[in-house]
Amino acid sequence: MTDATADTPPAGPLNSSDYAQRLKKRHDAEWRFRAYGLGAIFIGLAFLVTLLYTIVSEGAPAFLQSEIRLEVTFDKAEIDPSGSGNIDDIMKADYAAMVRRALRDQLGNVGNDRAARAAAHRLLSSGADLQAREIVLKDRTAIGQKRDIWLIADGDVDSFLKGSISRDTPEDRRRISNQQIAWIEKLQADGRLKARFNTTIFTRGASANPEMAGVGVAALGSFMMLVITVLLALPIGVAAAIYLEEFAPKNRFTDLIEVNINNLAAVPSIVFGILGLAVFINFFGLPRSAPIVGGLVLTLMSLPTIIIATRAALKAVPPSIRDAALGLGASKMQAIFHHVLPLAMPGILTGTILALAHALGETAPLLMIGMVAFVVDYPGGPLDPATALPVQIYMWSNLPERGFIARTSAAIMILLGFLLVMNALAIWLRTKFERRW
Amino acid sequence: MEMARTMTETKVAGTAPTEAIKFKIKMSGRGVNVHYGAKHALKTVDIDIRENQVTAFIGPSGCGKSTFLRCLNRMNDTIDACKVSGDLKLDKQDIYDKSIDVVQLRARVGMVFQKANPFPKSIYENIVYGPKIHGLATTKQELDEIVEKSLRGAGLWNEVKDRLLDSGTGLSGGQQQRLCIARAIAVSPEVILMDEPCSALDPIATAHVEELIDELKSKYTIVIVTHNMQQAARVSQRTAFFHLGVLVEEDDTANIFTNPRDERTQGYITGRYG
Chain A
1 MTDATADTPP
11 AGPLNSSDYA
21 QRLKKRHDAE
31 WRFRAYGLGA
41 IFIGLAFLVT
51 LLYTIVSEGA
61 PAFLQSEIRL
71 EVTFDKAEID
81 PSGSGNIDDI
91 MKADYAAMVR
101 RALRDQLGNV
111 GNDRAARAAA
121 HRLLSSGADL
131 QAREIVLKDR
141 TAIGQKRDIW
151 LIADGDVDSF
161 LKGSISRDTP
171 EDRRRISNQQ
181 IAWIEKLQAD
191 GRLKARFNTT
201 IFTRGASANP
211 EMAGVGVAAL
221 GSFMMLVITV
231 LLALPIGVAA
241 AIYLEEFAPK
251 NRFTDLIEVN
261 INNLAAVPSI
271 VFGILGLAVF
281 INFFGLPRSA
291 PIVGGLVLTL
301 MSLPTIIIAT
311 RAALKAVPPS
321 IRDAALGLGA
331 SKMQAIFHHV
341 LPLAMPGILT
351 GTILALAHAL
361 GETAPLLMIG
371 MVAFVVDYPG
381 GPLDPATALP
391 VQIYMWSNLP
401 ERGFIARTSA
411 AIMILLGFLL
421 VMNALAIWLR
431 TKFERRW
Chain B
1 MEMARTMTET
11 KVAGTAPTEA
21 IKFKIKMSGR
31 GVNVHYGAKH
41 ALKTVDIDIR
51 ENQVTAFIGP
61 SGCGKSTFLR
71 CLNRMNDTID
81 ACKVSGDLKL
91 DKQDIYDKSI
101 DVVQLRARVG
111 MVFQKANPFP
121 KSIYENIVYG
131 PKIHGLATTK
141 QELDEIVEKS
151 LRGAGLWNEV
161 KDRLLDSGTG
171 LSGGQQQRLC
181 IARAIAVSPE
191 VILMDEPCSA
201 LDPIATAHVE
211 ELIDELKSKY
221 TIVIVTHNMQ
231 QAARVSQRTA
241 FFHLGVLVEE
251 DDTANIFTNP
261 RDERTQGYIT
271 GRYG
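Protein chains in written order, with the numbering used here: chain A, 1 to 437; chain B, 1 to 274.
So here's chain A without its partners, still in its complex pose:
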């Protein structure tokens, strides 16, 4: 209409100036709507960038860790006096003394003053002796030998090297003394103190020392819970959805069930935590802090989402496919399992993975069932105590040490990494199973 070429357009309701004005209004409204949309996207992006920048800039240093390379003598008389390789002797040996001796040898002139020696010893993490012991446990030939090994430096040394503790602060208000700074500089000059890639954060469990704390236990706990959730929620959810969508008669009772499922999806997650505490722990007597209880609670939480997603996916399959199968004499179940379900699969998998990603990031219900525990050792099974990634983040965020602040952000990055992988998996599965009809 607007690009009519005739010189004198015929008069009519679509050629009046009134109409031209209304047309302009319509175009303006559309333009404004697009501007709002674009603005909303930019605001969202700005928040996202700020969030990611804060987390990454806080968390990135945690992926590097100061370590000291020392020549440790694994004293045979101390570790294995009987020569029989008795595990109790190996476990009980005083590795702290060995690494401290090695440190003093390295530093040279520490002197015999107790305070000076203690200050020197504080350069090493209190977990350094565990590292030394692990070397012996892994390789018995080390006994009686001298080994050049990297040991984790104390959290304060790490903070100093990363600039969190300033040299300009008066000595009495600084967590690290002038003497210690001198030692640190000496070790650096010898090439024996370096920031190395931090494996501790991935492998270890809870610790009071930031340099020895990691998300390993939490990640394994989260993984166990997710496995339990998938194994329970996927079959139960899909079966329930298929029954409700395809077999259940449409009456007041099934309507009631449907309303309840939709409501359950909106129930705050902490309520599921209280339910888990009351039912699984108090009534069934399952252990606290255990991934099995966490998995069960997350199953209850994910079920409504999975059922709703599955029903939507089943509904989206064109009825003509069902008719085709039924018209050939397929039974209802054959029609569903041979034709409808495969076509609904991308939707079901996407819904399930999004529900699981949600479950992975869930903290509140896990606090209720006691997963907020200080767990140092890896759980041997789903009944052993463990924590979960988001709970670990929550616990670390409550601690004051500089090292933990960085680790909180680093753990968030690790959790976001898991979520990204899961969402990528969802997209990949969707495109893989998607078929035209």
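Just so you know, these hints were derived from the structure itself, not from any lab. Everything hinted at is true.
Short derived list, chain A residues pointing at chain B, Cβ under 10 Å:
id: 1; residue: Pro319
id: 2; residue: Gly329
id: 3; residue: Gln334
id: 4; residue: His338
id: 5; residue: Pro342
Cut-off 30 Å, straight-line C-alpha distance, at most; resulting in silico cross-link-like pairs (DSSO-like, lysine-lysine):
id: 6; chain 1: A; residue 1: Lys332; chain 2: B; residue 2: Lys140
id: 7; chain 1: A; residue 1: Lys432; chain 2: B; residue 2: Lys132
id: 8; chain 1: B; residue 1: Lys121; chain 2: A; residue 2: Lys332
id: 9; chain 1: A; residue 1: Lys332; chain 2: B; residue 2: Lys132
id: 10; chain 1: A; residue 1: Lys332; chain 2: B; residue 2: Lys98
id: 11; chain 1: A; residue 1: Lys76; chain 2: A; residue 2: Lys146
Small disclaimer: the values here were computed from a predicted structure and weren't measured. Heads up, the beta-carbon is just placed ideally off N, CA and C, and yes, glycines get one too.
Use these hints to put chain B onto chain A, whose structure you have.
What follows is chain B alone, placed relative to chain A:
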């Protein structure tokens, strides 16, 4: 009465007194009523469907012709609100009897739908699905034979024989509809129901399908619902005119189109309404 309906009988058809037609009744309905909830969709329909003939159902939209077609293989069972009463028989057997397995009934009474609905699988898998679930063939060789026979039967073999493993949904609309016909005849049904099979096809594809229907009637009993009166005239031997849930008139196609008894039929075929 029972015997009279199912016996081979000789009847002199309406205005063609010299032509004696021998036929056998394949399916029959007596006093068939269908309700969709409160809506009375079909009112006391009596009809005989003759073996190895094409019966066309015509009538304006919403007249109940598709509803009646879907009663013949109990596809209406899938609609919760749909209630069917009356007497529907296939070879003397009441198809709504409790002893009848609907799975077997649908194997004997195949169906082709308005919109071509091949499975989103290969052409080969589309054809063998029916025989497989009914256990009609087990070896690869038997299945291959069924595929070739069915596709030849549907006049599609020469067009697709080199791409049997391509997706059935990649074919053109007309080819897809013939694939659906091939899929239906792969189970060796006795009756084939067609619900406006050509409504989404262009004239050339329609001509193909019509030719095919003409060939198929030597082996199968065919019931076709169509909006296209020329099509009914071209392919069918018998025509039934439905109007507002009532079977107004059923007769030889030639009679319906040249000499309808009811004025509603007259009005519809001359295009006064519908």
